[in-house]
Every structure is written in structure tokens, then in C-alpha cells.
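Just so you know, the protein sequences line up as chains A and B, in that order. Letter 58 of the first sequence, counting from 1, is numbered 58 in my numbering, and no numbers are missing. Letter 18 of the second sequence, counting from 1, is numbered 18 in my numbering, and no numbers are missing.
Heads up, some of the hints might be wrong.
Stated by the list, open to error - Over the 12 Å line for every Cβ pair with chain B, so calculated as not near, a few chain A residues: (1) Pro17; (2) Pro309; (3) Thr362; (4) Ile389; (5) Arg406; (6) Arg418; (7) Asp484.
Said to hold, decoys possible - Covered stretches of chain B, going by a simulated chain A footprint (3 or more residues, C-beta under 8 Å): (8) 20-34; (9) 46-52; (10) 71-82; (11) 156-163.
Source of the hints: derived by calculation from the structure; they are not laboratory data. Think of the CB as a built atom: it goes at the ideal place given N, C-alpha and C, for glycine as much as any other residue.
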Amino acid sequence: MKNENPFKDKLFQHTIPVREEVWQAIEQKLPEKEDRKLPVFWFVLFASALIGGSLMLGYVKRDSAPQQPLPQDSARTHTAQPDLSAADASTLTVQPTASSSDDAIASALPVADDHTSGAGNTKSASALSADENAIATTSKNVKANSNNANTSIASTKNTGISNSTATLVSNTTPANRATNKTTSSGKTTTSTKNTTASSSALSSANANSTGGSSTVSNPASAVSNTTVSASTSYAENYVTPAIKRTTRITTLLPGLNAEVENMDVLLAELSAIRPDPSCYKFSSKGGQYFFSADFFSGPGWSPRTFSDPDGNASVYSIARKTTESSLYAWSAGARFNMHLHNGFAIRLGILYDQAGDIFDYTDTLATRSITRIDSFFNADGTFLRAETIRVLEFGTLIKRINNTYRHLDVPILLSYERPIGRTSLMINAGPVFNLTASHKGQILDPMLIPRHIAPGQTNPLSAYKTSLGLSFYLGAGIVFPLTDHFAGIVEPRYLYRIKPVTIKSYPLEERRHYAGMNIGLRYFFK
Amino acid sequence: LQEKELIQRCNANDRVAQRLLYERFAPLLMAICRRYVGQQQAEDVVQDSFIRIFQYLVQYRQEGSFEGWIRRVCVNTCIRHLEKAKRLQVDYQSDDMPESAVAPTVVDQMSANELMTLIDQLPDGYRAVFNLSVIEGYPHKDIASMLGIEESSSRSQLTKARKFIQRSMNANFKVVL
């Protein structure tokens with residue numbers, strides 16, 4: 001049987017070996033395999049580093065704050081004994097109390113057995129030192145030993161009266177001494193046989209100075225003569241006309257930390273301090289809550305995933321991934337904050353984000369029909385005929401279109417802010433409700449033909465929802481004060497959209513999330 | 001590897017799959033390019049063909065045979081190459097020489113390489129139409145659109161190509177037509 005087309009029979013499947021160098025040349029021209037990992041890892045790492053750094057900074061600051069190396073027995077509070085009068089010449093019999101307090105700075109040691117408790121003391125004397133405090137216990141005209149002259153706390157000997165306690169605390173600072181203002185508070189308890197009394201004394205260093213010794217007498221008991229003297233040369237007579245409450249005040253300013261009795265003076269001093277805008281405790285009259293507003297914007301990245309619920313659109317999924325690539329993303333927003341007194345805050349705002357993709361499509365087998373009219377004329381110019389020819393052009397169709405996806409959301413966030421120094425660490429989380437979603441550009445349809453996605457365009461592809469429903473917001477960042485009313489905000493955040501952005505009838509499920517950085521300002525309403 | 005999986009892996013830029021696809025189709029494409037552009041530039045066009053195949057493989061709609069799609073990409077690459085080199089010149093001169101049939105037994109007795117040599121002697125314009133029509137089997141309408149010529153031109157080029165081959169065979173093989 002004769003072959004009708006021997007050329008085709010012999011050449012259609014004819015093969016020719018190819019040199020290895022051809023593949024090497026092809027491989028060099030092929031694009032490198034893209035290793036596009038989600039930057040979620042870097043996002044989490046950055047947020048963790050930010051939070052960790054802030055915490056570490058806070059703890060370092062806290063550790064570097066002046067601390068008082070208190071002896072074991074110095075953590076005491078003092079009970080005051082009423083009705084101690086300097087006019088009474090009776091000797092005070094004292095015994096330290098055992099109640100503890102973190103801020104207590106002095107205590108009197110029990111000296112009932114007249115033991116020696118300090119170098120240089122002939123009898124029971126104890127001196128305890130702190131940065132600005134010194135504790136001295138003496139008995140019977142023995143000069144107390146004090147390692148620090150700033151403050152002396154003197155307690156008298158327990159002369160055998162049971163169940164009696166006494167502590168005299170003298171608090172002076174260098175500044176106070178310079179201005180001859182010494183605040184000394186003493187709490188003594190004296191009793192005779194199960195009788196307890198306490199006193200508190202406030203006196204000036206230069207008042208009633210007796211040149212190194214002071215005598216506190218208890219007219220009620222008068223059991224024994226006990227002289228209380230401080231190691232400082234300006235020991236004073238403790239005159240305690242009435243009970244006064246001692247308040248330990250810790251302020252943000254160094255040097256002002258002290259035990260203050262006069263609340264009026266304290267309040268006057270505190271009122272002179274300008275409130276720190278980052279400190280919510282000073283930011284409202286009642287201290288219960290206050291308001292602020294955030295305005296922010298920043299770059300981001302909008303990761304998206306395609307899933308094929310029916311399992312028969314994997315090629316389409318690959319085609320969309322191949323023809324579309326992320327180009328940019330950014331967001332902006334504003335929110336109104338109500339700060340509660342315990343560090344929590346409620347935020348309500350508006351959030352806009354926009355993501356841009358590039359739709360890059362090339363069809364090497366594209367055709368285009370062109371109608372061509374050829375006119376023929378005689379040599380004298382007269383018209384002969386016209387031929388209308390439809391020419392089908394074969395070529396490559398290249399489309400490069402910027403797709404845009406816009407979302408407008410309302411976040412309702414619960415936040416917790418923890419002040420660390422002047423900076424606050426904040427964590428925000430909560431639901432986000434989508435108001436509207438819009439999209440513009442072109443993508444491949446399931447038949448792999450480019451089509452518009454914006455409604456109103458020619459033959460649009462209905463693929464995307466116009467409302468995305470519920471999403472979830474998680475962010476962590478820092479707030480740092482700038483002025484009285486303004487603070488800066490840096491907040492990495494992630495918006496997880498629970499539902500796909502595509503409609504149900506679309507063969508693919510496309511989910512689009514958003515990771516970004518909020519950089520902006522916070523305004524405090526005062 | 002199944003063809004579908006191979007395509008998916010190639011689309012994912014899997015180099016192993018791409019190499020497999022190359023190994024499977026490179027000899028065939030080399031022969032096609034050899035017929036269209038000649039021995040000298042066949043390797044270059046094979047390279048371009050594979051790069052285009054890997055680049056646009058995602059647009060393969062899995063309609064028809066995969067080999068047919070690859071052949072078409074390769075043929076288009078060859079035509080683009082000829083156009084770029086301005087080697088696709090349509091011969092509008094009339095050839096009054098009557099077309100006579102070549103004894104089929106003569107062609108049957110020729111090897112593929114001899115036929116390739118015979119085709120190599122064709123002018124580029126003739127050769128493209130001859131390959132597209134006789135070997136690839138495209139109708140003149142498609143050939144006209146692919147080459148950007150009129151259908152009648154495609155027919156005339158094919159006729160002239162046949163006459164050219166006849167003359168070559170008469171000269172080379174002393175075949176009595």
C-alpha cells in the first residue's frame with residue numbers, strides 16, 4: 001500500500017538527539033525557583049522582639065532604681081504610742097514591734113538582755129544603715145552606733161517590761177538637714193506589765209537639740225531611765241504631742257521619696273508635678289477613665305491563599321497564582337480609645353486597607369482579526385475595484401494590569417496597656433467588622449481568559465464579595481509620650497479574615513489577610 | 001509521572017520536572033526546528049521554544065494533546081524566528097513550470113535524513129509553508145494567519161515548494177518524473 005504522504009510519515013515524529021549544552025543553556029535562562037515564605041514568621045519575631053525588649057528595658061530600669069539594703073530586722077512598721085510628752089522626765093522603755101512592711105526602714109532591736117549589737121557600743125546598741133536611714137539602738141546613755149548619719153532611728157532599751165515595744169524613727173535627708181528640716185517619726189510602745197503605748201514624734205533637728213542625746217520619757221510607766229541618742233550630732237528630744245500618721249510616698253522623681261506626714265505639703269508638692277501623659281492614673285480627675293484618639297498609617301503585606309474546595313480547579317489555582325503577584329499593601333485608620341483605670345482600654349475606630357497586585361498575562365497563541373480593504377486603480381487613476389480582506393493576525397497578547405483590592409472595616413478592640421517607664425506596652429485584640437470591599441482590575445476566569453472583576457466593566461467576572469463579614473485583629477506595640485497631649489504609636493498588627501473574599505459560586509476559595517505596621521500618633525483628651 | 005502532574009510541577013518551577021519534560025520532548029522539537037530554521041540555528045530555537053513552553057505552560061488549558069500544544073509553541077517560535085530574521089519572503093513570481101508527480105516509491109525509499117536534506121534545500125518561504133502544510137497538516141487558512149499571508153499565497157507557495165522538491169529529486173536522484 002502506497003503512502004499518501006511519505007514526508008509526514010517519516011518526519012512528523014522524527015527526532016534528533018540534542019546536546020547536553022542545550023539544557024544547560026535553557027536552565028540558565030529559566031527563572032530561579034521562588035521561595036516565597038510568608039513573612040508571618042518575621043512579623044511575629046519582630047513583635048516578640050519589640051515586646052521582649054520593652055519588658056527587658058522596664059525591668060532593667062526597675063532594677064537600677066535606688067534600693068535600700070535593709071537588714072533582716074529592719075522591715076518593720078511602727079506603732080505609735082500616744083501621750084508621750086517631753087515634759088515628762090520618765091524614761092521610755094521600748095521594745096521593737098514585729099510587724100513588717102516593705103517600706104519600713106528601721107526598727108528597734110530588742111535589748112532586753114542588754115546584749116551588744118553594734119561595734120563600739122558598750123551595751124546593747126544596734127545600728128542599721130540604709131541609703132538614707134540609719135538605725136541605732138542604745139541603752140542607758142550609750143551612744144548609738146550608726147553607719148549612716150543621714151537618718152537615725154533610736155530605740156531604747158527594753159528594761160524588762162514585757163510586751164512593750166518601741167521604735168523611734170528619725171528620717172532625715174541631706175537636703176532636709178541642709179535646710180534644718182528633719183522629719184523624724186518615731187513609734188514607741190511602752191507598757192508596764194502588758195500595757196502598750198506608742199508614740200510618734202516629729203521634731204526639727206535643730207530644735208531642742210541637746211548636743212547628742214535626747215531623752216524620751218514616759219510618764220505613764222517610768223520604769224527605768226533610758227536614753228535614746230542618735231549617732232548624729234543633732235540628736236533631739238522627741239516631742240510627740242499627738243499621733244500623726246506616717247505615709248511613705250514614692251514619686252517618680254528621685255530625691256522626693258520620703259516618708260511624709262503632712263499630707264497637705266505632699267499634695268502641694270505633687271500638684272506642682274506635671275502629669276505624665278502616658279500615665280493613665282494622672283490623666284483624669286477621677287482617675288477612673290480617660291479618652292484618647294489614635295491616627296495611624298503604615299505599610300503592610302496582604303498574604304492570600306487559594307484553596308480548591310471541589311478539587312477540580314487546581315490548574316486554575318496555579319494559573320491564578322502564576323499570573324498574579326503581590327505588589328504593595330498599606331493601611332490607614334483612626335480609633336477612639338476609652339482607657340480604664342486598670343490599664344485596659346476599649347477602642348472603636350475605622351480601618352482602611354488597600355492591596356495592589358499585578359496581573360501579568362501573556363498569550364502566545366493569541367489571534368486578532370483585522371479587516372483590510374485594498375483598492376485597485378487604473379493607470380489613469382480611475383477606480384477599478386476594492387477587495388475587503390479579513391486578516392487573522394497571530395501573535396502574543398501581553399497584559400500587565402494593576403489590580404486593586406480595598407477594604408473598609410470597623411474594629412472593636414480590647415486593649416491592655418502596661419506602663420514601663422514612660423513607655424507603655426500595648427496589646428490589642430478584637431473583632432473587626434467589614435463595611436465594604438471593592439476590587440478593580442482583571443484576573444483569569446476559570447476558562448483561563450482574562451476578565452474584569454469590577455462591576456460595571458465589560459463582561460465582568462463575578463468573583464469577589466462586597467462585604468467580608470467578621471475578621472479578627474491582633475496587634476502589639478508600644479506607646480511613647482511625645483508631648484503632654486501627644487504620644488507616638490508603633491504597632492505591628494495582623495488582620496485575619498475568617499471568611500473567604502470570594503463568593504460561593506466561584507470555583508476557588510481565596511482568602512486575603514493583612515499584616516502591617518501601624519505608625520501614628522495618639523492624642524489625649526484632657 | 002503523569003502528564004498532568006508533570007505540568008503542575010513544571011508550573012511550580014520544579015527543576016526536576018522541567019528536566020523530565022525537556023528530556024521527553026527535546027529530540028522532537030529539535031527535529032521540528034531543524035526542518036524550519038535549518039541546522040545552524042536549530043539549537044537556539046529549541047532553547048527559545050522550551051523557555052516559552054515553561055513560561056506559558058500555565059496557560060495550557062489541557063484541551064487537546066499536550067504534545068500538540070508543545071509542537072505548536074515550537075512551530076510558532078520557529079516562525080517568529082524566521083520573521084525576525086526576515087527570512088519569510090513570499091515568492092509572488094509565477095512559476096509556469098507544470099507540476100508533475102514524483103513517484104511515491106522514490107520518496108518511500110528515502111530515509112528521514114534524506115528527506116530533511118531535501119527540505120533544507122527549499123527557500124525559507126517555501127519551506128515554512130511546506131512544513132506547515134505537508135508535515136504538520138495545517139490547512140491553508142491557518143497557515144495564512146500564522147504567516148500573515150493570504151490563503152492563496154499559501155497555496156502557491158506550497159505548489160512552488162513541491163516543484164522545487166521535484167526538481168531537486170530529479171537532479172539528485174535522476175528520477176524520471
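Do the hints match the structure? See the list:
Not every C-beta of chain B lies more than 12 Å from that of A/Pro17, the closest at about 6 Å, which undercuts listing it as non-interface. Against chain B, the non-interface label of A/Pro309 holds: every CB pair exceeds 12 Å, the least being about 18 Å. Interface exclusion of A/Thr362 from chain B breaks down, the closest Cβ pair being 6 Å apart, not more than 12 Å. The Cβ of A/Ile389 sits about 7 Å from the closest Cβ of chain B, inside the 12 Å cut-off, so the non-interface label is violated.
Annotated as non-interface, A/Arg406 keeps its C-beta farther than 12 Å from every C-beta of chain B; the closest such distance is 27 Å. Separation of A/Arg418 from chain B is adequate, the least Cβ-Cβ distance of about 46 Å exceeding the 12 Å criterion. At roughly 57 Å from the closest C-beta of chain B, the C-beta of A/Asp484 stays outside 12 Å, upholding its exclusion from the interface. For the stretch 20-34 of chain B, the stated coverage by chain A holds: 7 residues have a C-beta nearer than 8 Å to a C-beta of that chain, and at least 3 were required.
Three residues within the 8 Å Cβ limit are the bar, and the stretch 46-52 of chain B against chain A gives 5, so the coverage statement holds. Counting residues of the stretch 71-82 of chain B whose CB lies closer than 8 Å to any CB of chain A gives 3, which reaches the minimum of 3, so the coverage claim holds. Counting residues of the stretch 156-163 of chain B whose CB falls under 8 Å from any CB of chain A gives 0; the rule of at least 3 is not met.
Going through the hint list in order, the structure does not satisfy hints 1, 3, 4, 11.
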